[in-house]
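Chain residues, written in single-letter form:
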Amino acid sequence: MRADWRVFNARDIGMVLRISFGAWRRQWLDLALTFGMLILAAILPLGIPSIYWQGVLTVTLVYALASTGWNILGGFTGQFSLAPATFLMLGMYTSALLVHYRGWPPVAGILATLPVTSVIGMVLGLLCLRLRGPYLALTTVAFSEITRNLIRFSYNFTRGDLGLSVPTLYGMEGNRLYYYYTIYLLNIAVILAVHLLMSSRVGLYLRSIRDDEVAAAGRGVNTVLWKTMAFTISSSICGLAGGYYVHFIGLASPEMGLLLQAGFIISMAVIGGMGTLGGPLAGAMLLYPLSEYVRRFGIQYMVIFSFLMILMIRFWKAGIYGTILNIMDRWVTSSGSAPALGSKYL
Amino acid sequence: MMEILVTGAIMGTFYAMLALGLSLIFGILKVVNFAHGEFFMIGAYTYAILTRTFGVTSFLAVLPAALMGIAAGLIVERLLMRPLYQRYMEWATLRDEYAVIVTFGLSLFLINLANQVFGPYQISGAGLVPLRERMQVGGVTLSTHRVLASILGASILLAAYLLIKYTYWGKAVQAVAQNRFGAAIAGIDSTRVSLIVFGISGGLAAVAGALLSPIFPAEPFAGAFPAVKSFVVVVLGGMGSLPGSIIGAYLLGILEQVGAVYVSYTYRDTFAFLVLILTLLLRPQGILGERVREV
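In the order they appear, the protein sequences are chains W and A. Using my numbering, read the first sequence as starting at 1 and increasing by one per residue. Using my numbering, read the second sequence as starting at 1 and increasing by one per residue.
For the record, the hints were derived by calculation from the structure and aren't laboratory data. Quick caveat: nothing in here was measured; it's all calculated off a predicted structure. Some hints could be false.
As the list claims (entries may be wrong) - If the Cβ cut is set under 7 Å, some of the chain A residues that face chain W in the computed set are:
| # | residue |
| --- | --- |
| 1 | L108 |
| 2 | F109 |
| 3 | I277 |
Even for Gly, the Cβ is constructed at its ideal location relative to N, Cα and C.
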């Protein structure tokens, strides 16, 4: 029997209020900062006349979308999947096969990726329900390698390593800016949706699963349902990114499902800041153009990024965006002592 | 059928060398080392370059390969693995994520570094004996190199196993694997134990890479498939169980050969993943593993 049985004394209520207010404030700050970046992203391609760099920026936003999708699973829910690139590839093939064999218009193909990849993601989530930590990572590696091999070796249907060429969204002569602003709008929609999700009750459920799954289950959170939901949502966002990407580059290839690509997507989220709304976007906007830039000097970009990823997770877990967010959070509060709910990565 | 068994067992020896190291690491730190295949790659590169470029006798070149692997293991332990067990109370919730990101990132780093330094070309090492030579084993004709390499590998594996089973420091490794806190009370230096474990596992993987490099040439991605196979073996045999990982390795080697011959040669590398997913679903503790109860 605890001596202090009165759970709600005045100090505790004050603490609870400060914590929940801190979390609330941090979320809105996160959204505001993210929109700051999005405004920057809106004017960026207008200042860059080069078609090549406009294309680079478009791909950047594709990666940002995929990384945001992974962040729901890895950053917010703590389910460390290594399969984001696989869902990107699955999205690419869903749309490509529908357009190629059924003659669907690209827009319908892109929309069709949402149900298809969310069902596949749900199945993977159900498979992984009982697994955590290293077991979960291993299973997702196995899943991604099986999927990639299936696509590579069913060459009668998918043309294997040759890749499947498909029409692009606005035609070959389409203005690059159209492509850019389409994926830009998709990014805004997804970021708003993620914000709504994470500031709702479900967001609390997901974070509680990350912080302590057993305790969350003990407090009545339906961990089975919400873990599966996290897998479903995350993979459908990655799939959507893939569906758009295939109609930008015009080629679906199993190269996209390499673990290397998964590492690229994850390193964006880690370097930007896991478990924040804008971290993946910031990471993608830093890393992808940089990767294009160092490529001309004959440097393997993943050498740099994987090294950075190791350094960040070892010494600087908040990430670049996460650190900026923390500093601003401290600016806004005068007391500076209210702990925020996302404090696990501080 | 005999042929399938013998070739399967030969591959099984190399899987066992990788899986033993992985299983040791899992035993003491409870994490999976995703960069394990890159120890293999380091061994393969060292051996292939020494024998091809510098013309070192192939039996002698195995030793520097092993040393490189041991060095790589020690460096990785010192720089990246320490936070996993020092100050580990602060890490309670984040350590799994840390381990996965760090080892996965390390794997990508080493693969791309090799790609940057040596280029995407294949360098195949010289055989222990000229690669054309054949010999008869139990009515099956096999390449002499494979037989010699697997005998050498199996004896090194046996030596490592006995080392862990019977020497003082080997027993310390077992003690830390059973209960880190209890071992610390008994005066066992867990830092040194973890250095030993990483040294042994790096060395074993590098020797496997060196001995296989005439067959699977050294290239940046050389370690990817062997590593993934050894993950499967470790899960199949039971995480952290040493006899389990050796049994699992031979089982997987033979199973793969059966699958390649009777089912489909194209999908021979996919069977391993199927085995992994089925094991995790049906018997998550593996063949010999104990069920871990979590609080």
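Hint-by-hint comparison with the structure:
1. L108: Since chain W brings a Cβ to about 4 Å from A/L108, closer than 7 Å, the hint holds.
2. F109: holds, 4 Å
3. I277: holds, 6 Å
Hint violations for this structure: none, all hints satisfied.
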